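**Student:** Residue numbers (my numbering), protein chains in the order written: chain A, 1 to 499; chain B, 500 to 855.
In case anyone wonders, no lab produced these hints; they're calculated from the structure. One thing to keep in mind: the hints can contain errors.
What the hints assert, rightly or not - Have a look at the derived ranges for each label pair, beta carbon to beta carbon:
{"no.": "1", "chain 1": "A", "residue 1": "GLN307", "chain 2": "B", "residue 2": "ALA594", "range": "39 to 45 Å"}
{"no.": "2", "chain 1": "B", "residue 1": "ARG804", "chain 2": "A", "residue 2": "ALA369", "range": "52 to 58 Å"}
{"no.": "3", "chain 1": "A", "residue 1": "ASP375", "chain 2": "B", "residue 2": "SER501", "range": "43 to 49 Å"}
{"no.": "4", "chain 1": "A", "residue 1": "GLN27", "chain 2": "B", "residue 2": "ASP534", "range": "52 to 58 Å"}
{"no.": "5", "chain 1": "A", "residue 1": "ARG483", "chain 2": "B", "residue 2": "SER805", "range": "41 to 47 Å"}
{"no.": "6", "chain 1": "B", "residue 1": "GLU509", "chain 2": "A", "residue 2": "GLU300", "range": "54 to 60 Å"}
{"no.": "7", "chain 1": "B", "residue 1": "ALA594", "chain 2": "A", "residue 2": "GLY282", "range": "37 to 43 Å"}
{"no.": "8", "chain 1": "A", "residue 1": "GLN27", "chain 2": "B", "residue 2": "ALA795", "range": "51 to 57 Å"}
{"no.": "9", "chain 1": "A", "residue 1": "LEU113", "chain 2": "B", "residue 2": "PRO842", "range": "37 to 43 Å"}
{"no.": "10", "chain 1": "A", "residue 1": "ARG108", "chain 2": "B", "residue 2": "ARG804", "range": "50 to 56 Å"}
{"no.": "11", "chain 1": "B", "residue 1": "GLY522", "chain 2": "A", "residue 2": "LEU113", "range": "48 to 54 Å"}
{"no.": "12", "chain 1": "A", "residue 1": "HIS280", "chain 2": "B", "residue 2": "GLU737", "range": "54 to 60 Å"}
{"no.": "13", "chain 1": "A", "residue 1": "ARG108", "chain 2": "B", "residue 2": "SER826", "range": "23 to 29 Å"}
{"no.": "14", "chain 1": "B", "residue 1": "SER805", "chain 2": "A", "residue 2": "THR474", "range": "45 to 51 Å"}
Computed from a predicted structure; not experimentally measured. Yeah, the Cβ is synthetic: ideal placement off N, Cα and C, and Gly gets one too.
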Amino acid sequence: MDFSGSAITMAAMAGSEVTDIAAALRQVLPPECVLGRPEERRPYECDGLTAFRELPAVVVLARTAEDVRRTLLTCQRLRVPLVARGSGTGLSGGATPHPAGVLLSCARMNRVLEVDAVNRLARVEPGVPNLKVSEAAARHGLYYAPDPSSQVACSIGGNVAENSGGVHCLKYGLTVHNVLGLRGYTVDGELLELGGAAADGPGLDLLALAIGSEGLLMIVTEVIVRLIPRPPCAQLVMASFADVHSAANAVAGIIAAGIIPAGLEMMDRKATAAVEPFVHAGYDLAAAAILLVESDGTPEEVREQVQEIEQVLRGAGAGAVHVSGSEAERLLLWSGRKNAFPAAGRLSPDYYCMDGTIPRKHVGRVLEAIEQMEDRYGLRCMNVFHAGDGNLHPVILFDANEAGSWERADRFGAEILELCVALGGTITGEHGVGLEKLNSMCVQFSPAERAAFFAVKESFDPQGLLNPGKLIPTLVRCAEYGRMHVHGGALAHPGLPRF
Amino acid sequence: MSEGDPSIIEGWRACVAAAASRGTSLRLRGAGTKDFYGEQLAGEPLDLRDWRGIVDYEPSELVITARCGTPLSQIEAALAAHDQFLPFEPPAFGADPTIGGVIAAGLSGPRRMFAGAARDFVLGTRLLTAQGEQLRFGGQVMKNVAGFDVSRLLCGSLGILGILTEVSLKVLPRPRLERTVRLELPAAAAVAAFNRWAALPLSLSGAAWADGIAWVRLAGAPAAVRAAREQIGGDLAETELAESFWNDLRHLRLPFFATGSLWRVSVPPATAPLDIPTKPLIDWGGALRWYADLPAHVPVREHARSAGGSALAWRGPAPESRFHPLSPVTAALHRRLKQRFDPAGVFNPGRLIAGL
Ligand SMILES: Cc1cc2nc3c(=O)[nH]c(=O)nc-3n(C[C@H](O)[C@H](O)[C@H](O)COP(=O)(O)OP(=O)(O)OC[C@H]3O[C@@H](n4cnc5c(N)ncnc54)[C@H](O)[C@@H]3O)c2cc1C
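Just chain B, with the same shape it has in the complex:
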């Protein structure tokens, strides 16, 4: 089958209709790099990789449009050829996810607090619905407020509302220069420093802490990077070392992550270290805290909640649910949206929220 052959979508449509009429469900799957992610995997797998290819990319428009099955590596290579990139640095977990999966999961890497999250770069989507219709939301332009912002709603929806068949993403020029400095600091001091620097006009693009070392990445015009380096101090990390650190952090390949269980805690960035007995790995300038191999009795959710955040059981045993529980009002809205978009419950049942 050639790229973009409409019979691919026809085939999916038939699968969706068949599942709806039989009362079964489909498990939407790209490259499977995030099979571990979400509450549960259920339904008959529907491989979405055939619908692939870059549909449109004009560097001066700062937009790339690709079919959902397009490998992330292909998109990143096309962008790199024009010195552009996806600023939200989606994690690939050491493999090659599809762009549809990247957006459906909505995960962002180390640049998230400085450049934006995946959803911030979503301009448009196409959705194949439970009714077999292909809908288009948003578009390829930078600003678009016609209708509700369904495209951003789909980002991070883990496929529960339908099949994301195409996405249009905003892209940016690569920073002219990137430099990383390292400072030896305890966690509390690192968090305080990250937030002090973030409140100054310094061109930060990453701020993480692991094992007693604060890593600060600076990006932008050479003059701006120089000025920021002077203010921050620390030791300049060699380019190769720095690149491998940020890449390994982005794809969760640092030794820290090679553990059985993993909690991902999202808090306001300046939150003092949580009263949790193991050392975290801190990313996003303090806004993201990872904890490895925590004893089961540690009330991570309670800690996160009282800091004004939430906790996700990334890997390993989860208490009542992997994702932080929703408030009753929000949960009711989720149920009603799911009910209206996918009344027969065809798509990824229970993946985002148990029972949905």
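Only chain A is shown next, with the shape it has when bound in the complex:
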């Protein structure tokens, strides 16, 4: 993989230094928690963005908050970078290791510490997989709302670091709306408690700042999440459209009618065609796009809302409109949506999932622009996304073994993101910046805005030891990216004001 543009500039470490770090860590941690041999470290070389790989100098498998604190103190003493990792499902290289640093895996910190049904919250360790929280709360009729498609695997710590969303966040919010408190350590190993079981606290909202901070500000060792009552009933409406524009208009129509569905997702024909053969969800393959619209609540409420949704969809030109007849069918219809990425993996040797967000009204326009880009880059792109939030997930299909193919996919993705920014949107709705979108950050933010991000970073971590080189591009990097762009003559929308 081409790494010339990456933020990791430090050369791989000499063998003796690696041994020093490992030895120092073994003095304060049980030896079996410190992995030093290359074959032990190899499984941690990348997260879900496999195009970026680095072998960490040392891997620590933390079991307790105290392990985390000791690791931090050691890194601080040796001035060694530290990258936290949950389940490694991140899609932006947030957990890509630092070649000269420690990769701290929180996967073993996987206990649900408390389910407080009365106050409707759970205290969990960061390595707990997202879905386990809802499972632990289920006997109280409660659940944790944010549901990333990766929820079987991804950890709460990772969700907090990325401010992850899911198919139901249109109605129930993102991670930031559903986390009440964090406990963890600063880079100096000092205990930091933000938020808590009480709703309001004094001072600046550092809790909101820490959520989505991609492991750059603190290491989280405990998360207090909000639990909400499980709605007694849910139904899914599936509608077919002959063109993506009408589907996009239907999305706006639903919101304009005063309806906030529990979920509002779109899949284009390329996506349904990819999924249908192995999920057999019953998607309409003749449709240019389908919408999946979920209603939840009491049975009467759902009945009323489903009728309204059907009406809006038909008014917006939907061909077939189908309402799930059973819970099994509802889950089947969702499973196609949730398996879209694996399906992409069956279609193509490699795929690259983008994550821009735009105002809803531009969805149709952007999908058309992407279609034109497909021709220009000679790559296919399927679209399956959170339409209700305007959060696009164009999935670019490519073959890494073909020379120049990844570079084309990378440029294709960057152009989509630039279009998102130009239309008043953002380069990432839920997957984070990590290493992947550093260049696009140069497009979305001015030098002064990036300086403000560095100011935040320095307030928490003056030496830059926590996940260095991620999230905020340096001035130099942006200057290089700017030059490259202009030299290539490929500045995507030269006529548009940049900021």
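With the hints as your guide, set chain B with the ligand onto chain A.
**Tutor:** Only chain B with the ligand this time, still in chain A's reference frame:
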């Protein structure tokens, strides 16, 4: 001057630069409805009301963007015309605050536990910094994780990091139906009931207790409101009475609040009544407890702390500080953020934290 005239911002920029070079400070002020709020008022007042007007509002995008000086009433009227609203019900205290002040204070009304707090609806902000630069964080879209979430950090910052010049807020359709029921209950039973109901799929939008009466507001689809009413029981309050109760609670205009001193205690919602000798007014389904005219010897902060919460001396004499003291680690982070955003200490010195 016309709305959005750039010379307004130019003027502010000059004020900021002048203050920084003279070593003086500015007291950022909208309509002044929250002059009472915070640790102290200091610096030369800078009136932010001229930079006003709704910049963008498209109901089907569920987002409104407005300049900081826009009166809350103007925003609420624009939203009401499309049957939408600000779900966090910001208190106006009987006057007409600016939207910039609403977000800088970050206060939320009775719907807070059911719909979300002010910060939950902040999508984007523009900030005029001590360096005179206009920065933009977040945006007008529902989901945005590019960079740190500075917009939410600014919500409730009481202006100590810079001038909030513009905000983009998520809005929602008004509930189709709202009904309020009243039940005669002692405080402890009311808190227990609020939390029992909140754990059930009932469409609550408010739960408060005052003077022996529990007020429960239900909102949503008519069918859902009906179902919730059946489960909760109680007497249906007349629409007018209910509306005036929730409004007066939101804006702190109920007779309870007409006192000299007032403590605002934030605790986990199911916390049993605190061992404090006067009757509280309870809001947010139990998560917020107000105490009026407490004798000075009552250790409110201790009570709040041991319940896992915090206490704010809203009005009247405050002990060491109005806001609950921060832990040393958190306080150090505040100092470093302030130092980096506003090194010369131009903006609202000491308003959020003494000495900052
Ligand atoms: C098939 C698939 C589907 C997906 N669907 C969605 C989706 O619907 N919505 C969505 O939002 N995302 C989705 N994702 C992305 C990913 O699952 C999320 O970003 C998730 O939150 C990452 O969690 P993780 O535990 O795997 O974190 P990792 O990838 O291990 O780490 C992510 C970031 O968190 C930091 N981190 C981890 N633990 C800690 C800690 N304890 N303290 C501080 N920082 C920490 C890391 O340093 C890194 O920056 C999907 C991914 C895949 C592979």
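**Student:** Against this structure, judge whether each hint is valid.
**Tutor:** Comparing the hints with the structure gives:
no. : hint                            : in the structure
1   : A:GLN307 - B:ALA594: 39 to 45 Å : holds, 43 Å
2   : B:ARG804 - A:ALA369: 52 to 58 Å : holds, 55 Å
3   : A:ASP375 - B:SER501: 43 to 49 Å : holds, 46 Å
4   : A:GLN27 - B:ASP534: 52 to 58 Å  : holds, 57 Å
5   : A:ARG483 - B:SER805: 41 to 47 Å : violated, 60 Å
6   : B:GLU509 - A:GLU300: 54 to 60 Å : holds, 57 Å
7   : B:ALA594 - A:GLY282: 37 to 43 Å : violated, 57 Å
8   : A:GLN27 - B:ALA795: 51 to 57 Å  : holds, 53 Å
9   : A:LEU113 - B:PRO842: 37 to 43 Å : holds, 41 Å
10  : A:ARG108 - B:ARG804: 50 to 56 Å : violated, 33 Å
11  : B:GLY522 - A:LEU113: 48 to 54 Å : holds, 50 Å
12  : A:HIS280 - B:GLU737: 54 to 60 Å : holds, 55 Å
13  : A:ARG108 - B:SER826: 23 to 29 Å : holds, 28 Å
14  : B:SER805 - A:THR474: 45 to 51 Å : holds, 47 Å
Comparing the model with each numbered hint stated earlier shows that hints 5, 7 and 10 do not hold.
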